[in-house]
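Required output: the full structure, derived from the provided sequences and hints.
Each residue of the sequence shown is one higher than the last, beginning at 28 in the working numbering.
Errors might be hidden in some of the hints.
Unchecked claim - Label-pair ranges, simulated between beta-carbon atoms:
1) 93 x 124: 28 to 38 Å
2) 85 x 118: 28 to 38 Å
3) 47 x 96: 41 to 51 Å
4) 50 x 111: 48 to 58 Å
5) 53 x 111: 13 to 23 Å
6) 48 x 94: 45 to 55 Å
7) 125 x 36: 17 to 27 Å
8) 96 x 75: 26 to 36 Å
9) 42 x 82: 30 to 40 Å
10) 39 x 67: 48 to 58 Å
Hints listed in this document are in silico derivations from the structure and should not be mistaken for laboratory results.
Just so you know, these numbers come straight off a predicted model, no measurement behind them.
The beta-carbon is built from N, C-alpha and C at its ideal position, and this holds for glycine as well.
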Amino acid sequence: MFGKMGDMGKMMKQAQEMQSKMADMQQQVELLSVEGASGGGMVKVTLNGKGLIKGMKLDPSLLTPDEAEILEDLIMAAHNDAKQKLEALVAEKTKEIMGGMQLPEGMNLGL
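Written as C-alpha coordinates, this is what we have:
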(Lines of atoms letter the chains of each structure in order from A; the text may use other names.)
(Lines give C-alpha, C1' and ligand atoms only; values in the text may rest on other atoms or scores of the structure.)
Protein backbone atom coordinates (compact mmCIF):
# COMPACT_ATOMS: atom_id res chain seq x y z
CA MET A 28 0.00 0.00 0.00
CA PHE A 29 2.81 2.45 0.85
CA GLY A 30 4.46 1.69 -2.49
CA LYS A 31 1.44 2.93 -4.42
CA MET A 32 1.19 6.10 -2.31
CA GLY A 33 4.88 6.79 -2.92
CA ASP A 34 4.36 6.35 -6.67
CA MET A 35 1.41 8.73 -6.56
CA GLY A 36 3.50 11.34 -4.71
CA LYS A 37 6.28 10.97 -7.25
CA MET A 38 3.81 11.42 -10.12
CA MET A 39 2.34 14.54 -8.47
CA LYS A 40 5.83 15.99 -8.02
CA GLN A 41 6.64 15.29 -11.69
CA ALA A 42 3.36 16.91 -12.77
CA GLN A 43 4.13 20.02 -10.72
CA GLU A 44 7.64 20.15 -12.14
CA MET A 45 6.29 19.87 -15.68
CA GLN A 46 3.72 22.59 -14.97
CA SER A 47 6.46 24.90 -13.71
CA LYS A 48 8.64 24.20 -16.76
CA MET A 49 5.67 24.82 -19.08
CA ALA A 50 5.06 28.22 -17.45
CA ASP A 51 8.77 29.04 -17.87
CA MET A 52 8.66 27.95 -21.47
CA GLN A 53 5.57 30.01 -22.27
CA GLN A 54 7.21 33.12 -20.78
CA GLN A 55 10.37 32.56 -22.82
CA VAL A 56 8.42 31.87 -26.01
CA GLU A 57 6.56 35.17 -25.65
CA LEU A 58 9.93 36.98 -25.75
CA LEU A 59 11.03 35.34 -29.00
CA SER A 60 11.30 37.30 -32.23
CA VAL A 61 11.98 35.93 -35.71
CA GLU A 62 12.27 37.52 -39.12
CA GLY A 63 11.16 35.96 -42.37
CA ALA A 64 12.02 37.34 -45.79
CA SER A 65 11.03 36.93 -49.42
CA GLY A 66 11.85 38.49 -52.75
CA GLY A 67 15.55 38.46 -51.98
CA GLY A 68 14.95 40.53 -48.84
CA MET A 69 12.57 43.00 -50.49
CA VAL A 70 9.88 42.00 -47.97
CA LYS A 71 10.68 41.23 -44.34
CA VAL A 72 8.18 40.23 -41.66
CA THR A 73 8.99 40.01 -37.95
CA LEU A 74 6.87 37.79 -35.70
CA ASN A 75 6.74 37.66 -31.93
CA GLY A 76 6.77 34.38 -30.04
CA LYS A 77 3.02 34.02 -30.39
CA GLY A 78 3.22 34.24 -34.18
CA LEU A 79 1.77 37.74 -34.41
CA ILE A 80 3.32 40.23 -36.82
CA LYS A 81 5.18 42.89 -34.89
CA GLY A 82 7.01 44.49 -37.79
CA MET A 83 7.29 44.62 -41.55
CA LYS A 84 9.71 46.21 -44.03
CA LEU A 85 8.83 46.67 -47.69
CA ASP A 86 11.19 47.75 -50.44
CA PRO A 87 9.73 51.02 -51.80
CA SER A 88 10.04 49.73 -55.37
CA LEU A 89 7.17 47.34 -54.61
CA LEU A 90 4.78 50.15 -53.72
CA THR A 91 3.33 50.73 -57.14
CA PRO A 92 -0.23 49.86 -58.19
CA ASP A 93 0.93 47.36 -60.82
CA GLU A 94 3.00 45.47 -58.19
CA ALA A 95 0.12 44.95 -55.73
CA GLU A 96 -0.40 41.24 -56.48
CA ILE A 97 3.34 40.53 -56.34
CA LEU A 98 3.57 42.41 -53.04
CA GLU A 99 0.70 40.39 -51.57
CA ASP A 100 2.44 37.14 -52.55
CA LEU A 101 5.77 38.32 -51.13
CA ILE A 102 4.17 39.33 -47.82
CA MET A 103 2.54 35.91 -47.49
CA ALA A 104 5.81 34.17 -48.37
CA ALA A 105 7.77 36.26 -45.84
CA HIS A 106 5.19 35.52 -43.15
CA ASN A 107 5.31 31.79 -43.90
CA ASP A 108 9.13 31.89 -43.76
CA ALA A 109 9.02 33.61 -40.36
CA LYS A 110 6.37 31.18 -39.07
CA GLN A 111 8.52 28.16 -40.01
CA LYS A 112 11.53 29.72 -38.28
CA LEU A 113 9.44 30.45 -35.20
CA GLU A 114 8.15 26.87 -35.01
CA ALA A 115 11.71 25.52 -35.25
CA LEU A 116 12.91 27.94 -32.57
CA VAL A 117 10.03 27.06 -30.24
CA ALA A 118 10.77 23.35 -30.70
CA GLU A 119 14.43 23.99 -29.86
CA LYS A 120 13.53 26.07 -26.77
CA THR A 121 11.03 23.42 -25.68
CA LYS A 122 13.72 20.76 -25.80
CA GLU A 123 16.11 23.01 -23.82
CA ILE A 124 13.65 24.03 -21.13
CA MET A 125 11.87 20.73 -20.69
CA GLY A 126 15.20 18.91 -20.36
CA GLY A 127 14.03 15.69 -21.93
CA MET A 128 10.45 15.82 -20.62
CA GLN A 129 8.10 15.24 -23.51
CA LEU A 130 5.01 17.34 -24.08
CA PRO A 131 1.90 15.23 -24.45
CA GLU A 132 1.19 14.47 -28.12
CA GLY A 133 -0.79 17.18 -29.83
CA MET A 134 0.03 19.78 -27.19
CA ASN A 135 1.44 23.04 -28.46
CA LEU A 136 1.94 26.54 -27.15
CA GLY A 137 -0.73 28.20 -29.20
CA LEU A 138 1.27 28.36 -32.41
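Going through the hints against the structure:
no., hint, in the structure
1, 93 x 124: 28 to 38 Å, "violated, 48 Å"
2, 85 x 118: 28 to 38 Å, "holds, 29 Å"
3, 47 x 96: 41 to 51 Å, "holds, 49 Å"
4, 50 x 111: 48 to 58 Å, "violated, 26 Å"
5, 53 x 111: 13 to 23 Å, "holds, 20 Å"
6, 48 x 94: 45 to 55 Å, "holds, 47 Å"
7, 125 x 36: 17 to 27 Å, "holds, 21 Å"
8, 96 x 75: 26 to 36 Å, "holds, 28 Å"
9, 42 x 82: 30 to 40 Å, "holds, 38 Å"
10, 39 x 67: 48 to 58 Å, "holds, 54 Å"
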